[in-house]
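**Q** One letter stands for each residue in the lines below.
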Amino acid sequence: MSVAITQARNDVAGAGALVKADHLTCVFDVSRPWLERTLAGASKQVLTAVADLSFEIARRETFALVGESGSGKSTVARMVVGLIEPTAGAVTIDGISMSDPRLGAAREKLRRRIQMIFQDPFASLNPRWRVDRIIAEPIRAFGIASDHAVVGARVGDLLKLVRLDPADGRKYPHEFSGGQRQRIAIARALSADPEFIVCDEPTSALDVSVQAQILNLMRDLQDRLGLTYLFISHNLAVVRHMATRIGVMYLGRLVEVAPARNIFDTPRHPYTRMLLDAVPDLEMAGRQRKPVDGEIPNPIAPPSGCAFHPRCPFANERCRSELPQLAPSGPAAVACHAVEEGRI
Amino acid sequence: MTEPLLSVQNLRVEFPTRRGILTAVDDVSFDIQPGEVLGVVGESGAGKSLTGAAIIGLLDPPGRIAGGEVRLKGERIDNLPPDALRRIRGRRIGMVFQDPLTSLNPLFRIGEQLIETIQLHSGMNAAQARDRAVSLLVDVGIPAAERRIGAYPHQFSGGMRQRVVLALALAANPELIIADEPTTALDVSVQAQIIALMKRLCREHHVAIMLITHDMGVIAETADRVAVMYAGRIAEIGPVRDVIKHAQHPYTQGLMGSIPTLTADAERLTQIPGSMPRLTAIPAGCAFNPRCPHVFHHCRVVRPELLPAERSLAACWLHDAKARVSA
Amino acid sequence: MSIASQPGNAEAPKGLLARAWDSDVGYSFRTSPVAIAAAVVTIVIILATTFAGFITPQNPFDAATLNLMDGFTPPGEAGAGSGMKFSLGADSQGRDMYSAILYGSRVSLLIGTASVIFSLLLGVTLGLVAGYIGGQIEALIMRIADIQLSFPAILVALLVFGIARGLIHPSLHEQMTFIVMTVAIGLSNWAQYARTVRASTLVEKRKEYVDAARVIGLRAFPVMIKHVLPNVAGPVLVIATINLALAVLEEATLSFLGVGMPPTQPSLGTLIRVGQQFLFSGEWWILLFPSAALVIIALSINLFGDWLRDALNPRLR
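Protein chains in written order, with the numbering used here: chain Z, 9 to 352; chain E, 1062 to 1388; chain U, 51 to 367.
Hints were generated in silico from the structure; no laboratory data involved. Every value quoted in this text rests on a predicted model; they were computed, and no experiment measured them. Built from N, CA and C at the ideal position, the CB exists for glycine as well. A portion of the hints provided could be inaccurate.
Covered by chain E, according to a simulated footprint, are these stretches of chain Z (three or more residues, beta-carbon under 8 Å) [as the list claims (entries may be wrong)]:
id	region
1	53-66
2	246-254
3	276-287
4	300-310
List time: in silico DSSO-like cross-link candidates among lysine-lysine, alpha-carbon distance up to 30 Å [said to hold, decoys possible]:
id	chain 1	residue 1	chain 2	residue 2
5	Z	K117	Z	K52
6	Z	K117	U	K257
7	U	K276	U	K257
8	U	K257	Z	K168
9	Z	K28	U	K135
10	U	K276	Z	K52
11	U	K276	Z	K168
12	Z	K117	U	K276
13	E	K1260	E	K1134
Only chain Z is shown next, with the shape it has when bound in the complex (with noise of 0.2 Å):
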């Protein structure tokens, strides 16, 4: 399926955004034990993972974040599901406020609509547990069948979905390849009838081969179920594969967001062009590529202004300075100095 039917699809789906994040920020205190901070004269030291986030998915659209460590792209999609509280900002999902403590039994309903599937294969499902009562959990959390044969059943239909064998329910996870435990994740994700998945990595650890398997399988749930997708990762041709849109973020903060073909064939953040520079050349068309100087920034001490200003070619006195903001810029928005001052 080409990327031009996918963003058909997109046009026609329901009006109104799917998920919301309004200017989402999450700073963790990273300072030593009060009692040796004391000691050494030291002060607090806070790590801001992310900055002021924004960004709105629709719905049954795949949103990509893209970044490399430090990025905070995992930090986003924990404060997206609920596992880590905001220090600022929201996620609305169907306008309804993760964070709000007034809408307690509406946010437990919501729960049940969002699901995460999680990068490590090995780590993310209980290695005591059966399979069958690993993927049967959200059913019986949220209380939708509790009738044993009822369950059985719907864990049976899950499994044959992720085309795996119904069988295999009574298994261990350690008899399985990190393959087919992506799917078993996969399976006990989609067991609560979720419209809104969080991808944290899914492929990162798998094989190349059985990455194939797993994101062809993804994209055919989503057809067939309708599935919303926000999708992290820091492999830009995976990502090209699977997202109708994607933010690239740097040091906590989104640089660029921009449809998926305008991100690959028109990048326009130093920061993006050089992440697409970066990535190895296997159609060997022997492009010449000098690769950008540097590493990301330790992200306790940021860089002044505009956090990408060390490494950037294009850097001026207003980039040490002043953060940039994503502004619009085409079909894109991107935040960077240069671009606005149109000087790239």
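Once you have looked at the hints, place chains E and U on chain Z.
**A** Chains E and U only, in chain Z's frame:
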């Protein structure tokens, strides 16, 4: 044809377990010429890391070399006593592992580790060794090397640490470096830097590299030739351009089709049905036969040797006209 | 290099016992003579002490069955008073040593087991809570554990004993001794469980299956019990086994010091204390056999625990 720097012939690595003897590397042969980069690529369980470990004598017991020869410039090194092997390790063959965090001793400054290695293998005095250490750090691109030589590993970032590990590997002027997944734990932008660095060092110091990885992209950028491993055997070996663009073995073809790229149309990815067999259940004949779209009777019976296939060698009966006829 | 079992195919899953026998641990047991011997001895002792009433010629602590004339009968001979054969000799009151040892071992093992269960429940609960909840609670629990671990277990037990003595009405002392001993020894040993379980909990709570449970809205308590506890219980078994031997020895020590089980309902320690008086007057059997019994019990449990720890340690395999 010059004498190969490293020659591996019919290498077999076994693990005796109570369930029987498992053959993790089964009859693997290849050569590395001086100064060339040979990529060894495969998915997890293919045996590529074990091949590297066996060559340098770092197999964890109960694993052992059960057959074959490894020759460095014509001399056998697989049957040497541990002391002699230790002298070769570091002096003539350097190693770079995946995780720079655990490759460097966190308790010692990087300068100390470098100087110790240099002195061990070259007999320089402390001052000379220090000068060489600094020049090595400059060579691998550590800024302010003169000052940073006194730093501890945890004070460096991941990419910088990997550069230090490369410097350590080069310290004794080896002829060959075995790099096992050197860029897997790094960010993609840092990965590009390290790849460029390795290519430059390989050229300047005229050192050959055996690059073990699961990442075809890294191989495409770095290697001259590539060996594709499957279930402990070599499926295909040849010049990197040929293997990637005109794969001759059905497994390599499936593998290339399943890798998402930046330029191909975002169509459905090719997927190879099934998964790599466990060591306890390797099929008879060709190990890939249960998953192969072109399988015929001979494949299930006789294990293929590496046969000429265009400009590469492929272990596939499709390239033996006689075998095809008998199908 | 991992050699995991077959991926999902049409293989029928086996029952628990079959899997246990077939597993690496089961194999390790089958091939270790020490483990088998220790297990056999332990099981024999447990069975013998449980059914002591059926396999002993007399109940040595029922005064009506004793005959003072049997006193000091050497091993293997018949008693002067009753004519009964005393295989291991008789003590000063005419009690059969063999019977006394079995009854005494039963008391020792009962107290040992009860105290192990007590410290296990206490330690695992505190360790789980400390590890999972963290923060001030964790700091508090761990500091208390640290402080306690710096005292020898015997001192802690003596302290608890002393406090109990002060709190309980003197007339109830003898009946309560069993409970007080259990609590005293239990309280002296909980800290190791807490430490180990806390460390394992810290590791497990970072794993993604815990996140997955939290995503569907499970609260802390169900997550701890249903998800984390089964995964941190492994090392606890090893500690409990080795601890059992220690608890038995600790109980023996307390009884030997005179603060434990009274001579009317003695444990092995009490028997040893009583027997000590007669060592140098020639009636060596009154001391030797209870001591030997204590050593055999402690040794076999200890050896079994050692094997279990090595068998369950993935790194040593």
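**Q** A separate judgement is required for each hint: does it hold in the structure or not?
**A** Each hint tested on the structure:
1. Evaluation of the coverage hint for the region 53-66 of chain Z: breached, as 0 residues show C-beta separations to chain E shorter than 8 Å, against a requirement of three.
2. Remark: the region 246-254 of chain Z is confirmed as covered by chain E, as 3 of its residues place a Cβ nearer than 8 Å to a Cβ of that chain, reaching the required three.
3. For the region 276-287 of chain Z, the proposed coverage by chain E is satisfied: 6 residues have a C-beta within less than 8 Å of a C-beta in that chain, meeting the threshold of three.
4. Counting residues of the region 300-310 of chain Z whose C-beta lies closer than 8 Å to any C-beta of chain E gives 4; at least three are required, and the coverage claim holds.
5. Note on Z:K117 and Z:K52: the hinted pairing is violated, with a Cα-Cα distance of about 39 Å set against a maximum of 30 Å.
6. For the suggested pair Z:K117 and U:K257, the alpha carbons sit about 25 Å apart, so the restraint of at most 30 Å is met.
7. The suggested pairing of U:K276 with U:K257 holds, with an alpha-carbon distance near 14 Å, which does not exceed 30 Å.
8. Taken as a hint, the U:K257 and Z:K168 pair is honoured in the structure, with Cα atoms around 27 Å apart against an allowance of 30 Å.
9. In summary, the hint linking Z:K28 to U:K135 is not supported, as the alpha carbons are separated by about 89 Å, beyond the 30 Å threshold.
10. A distance of roughly 37 Å separates the Cα atoms of U:K276 and Z:K52; the hinted pair therefore is violated under the 30 Å criterion.
11. Between the alpha carbons of U:K276 and Z:K168 the distance comes to roughly 27 Å, so the proposed pair stays at or under 30 Å and holds.
12. For a cut-off of 30 Å, the pair hint linking Z:K117 to U:K276 stands: about 23 Å separates their Cα positions.
13. Restraint check for E:K1260 and E:K1134: satisfied, since their Cα atoms lie roughly 22 Å apart, inside the 30 Å limit.
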